[in-house]
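Going left to right, the sequence shown walks through residues 1 to 250 as my numbering numbers them.
Quick caveat, the hints were computed from the structure, so don't treat them as lab data.
Among the hints, erroneous ones may be present.
What the hints assert, rightly or not - Computed list of lysine-lysine pairs in DSSO-like fashion (alpha-carbon distance at most 27 Å, straight line): (1) 37 / 58; (2) 18 / 163; (3) 203 / 61; (4) 61 / 250; (5) 163 / 203; (6) 127 / 37; (7) 237 / 176; (8) 37 / 61.
Fair warning: this is a prediction, and the values are worked out from it, not measured in the lab.
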Amino acid sequence: MSHFLNYSKYYNLLYLDKDYQSEVDYIDSLIKRFHPKTTRILDVGCGTGRHAKLLADKGYKIHGIDLSEQMLEIALQSDKTNTSFSSGDIRNFDLKQKFDTITSLFHVMSYQTTNEDVVNSFNTIHKHLEDDGIFIFDCWYGPAVLLDLPGLRVKEMEDANLKVIRITRPTVDFNKSIVEVNFEVNVFDKALRTMQTIQEQHKMRYFFQNELYFFTERCGFSIVDCHAWLTLKTPDKNSWYITTVCKKEK
1 MSHFLNYSKY YNLLYLDKDY QSEVDYIDSL IKRFHPKTTR ILDVGCGTGR
51 HAKLLADKGY KIHGIDLSEQ MLEIALQSDK TNTSFSSGDI RNFDLKQKFD
101 TITSLFHVMS YQTTNEDVVN SFNTIHKHLE DDGIFIFDCW YGPAVLLDLP
151 GLRVKEMEDA NLKVIRITRP TVDFNKSIVE VNFEVNVFDK ALRTMQTIQE
201 QHKMRYFFQN ELYFFTERCG FSIVDCHAWL TLKTPDKNSW YITTVCKKEK
């Protein structure tokens with residue numbers, strides 16, 4: 001599994017409009033509701049560390065892991081207090097320590113495209129949680145994906161140095177519940193007046209609630225909450241992304 005290679009250098013610019021603060025406030029509210037004694041958080045699939053650093057601002061001690069060395073290089077550029085980062089694969093990392101809460105945000109679970117990947121991921125998370133710990137993750141939600149199929153999209157962002165145009169061309173494998181997201185990223189360097197084009201494919205799995213109950217129960221969790229992303233509403237046909245809170249069973 002390899003994602004965010006050359007693309008990672010432009011990741012923060014492409015998601016400059018992403019409201020990380022609101023997302024972290026939402027996750028913090030779930031932690032306070034379901035595990036208010038949390039002090040130590042593991043952020044799995046931390047990317048460039050923006051969620052982790054904002055969670056640290058709320059007083060938590062955060063360790064982030066990510067499979068992308070390029071993403072981690074960006075995360076490690078920060079000297080933020082109470083944050084640390086290391087390389088790891090959600091399916092098999094071993095930090096030899098446990099955490100009160102584990103988060104996995106921005107659809108990391110949807111990158112687990114086979115049943116084996118999903119089971120291995122949940123088992124790895126389970127091993128790293130304290131006995132009363134919780135796991136919070138988001139993913140693509142099947143009913144909404146199928147009723148509002150992904151299509152061609154163009155996103156354009158720029159700063160003082162770069163202009164980035166990302167063209168997304170998805171295809172759906174209905175038999176495997178996977179969307180193949182084909183990215184073409186065109187990067188224009190304003191100073192050098194040069195253009196670079198990057199091609200990447202990301203395979204994303206969409207889930208149905210009955211699947212999530214099956215996988216979590218098999219791997220020693222119970223689902224205690226499931227909402228449309230950034231809300232407290234029950235997921236419905238319009239909920240492209242959902243948030244699930246799992247509690248580790250002793």
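Structure-based check of each hint:
For the given pair, residue 37 sits about 13 Å from residue 58 by alpha-carbon distance, which is consistent with the 27 Å threshold. At roughly 17 Å between alpha-carbon atoms, residue 18 and residue 163 fall within 27 Å of each other, so this suggested pair holds. Pair hint residue 203 plus residue 61 does not hold up; C-alpha atoms about 32 Å apart against a cutoff of 27 Å. At most 27 Å may separate the alpha-carbon atoms for a hinted pair to count; residue 61 and residue 250 meet this at roughly 24 Å.
Of the pairs offered as hints, the one joining residue 163 and residue 203 holds, with about 26 Å between alpha carbons and a cut-off of 27 Å not exceeded. Straight-line distance between C-alpha atoms of residue 127 and residue 37 comes to about 19 Å, which keeps the hinted pair within the 27 Å bound. At roughly 20 Å between alpha-carbon atoms, residue 237 and residue 176 fall within 27 Å of each other, so this suggested pair holds. Simply put, residue 37 and residue 61 have alpha-carbon atoms about 12 Å apart, close enough for the 27 Å limit, and the pair holds.
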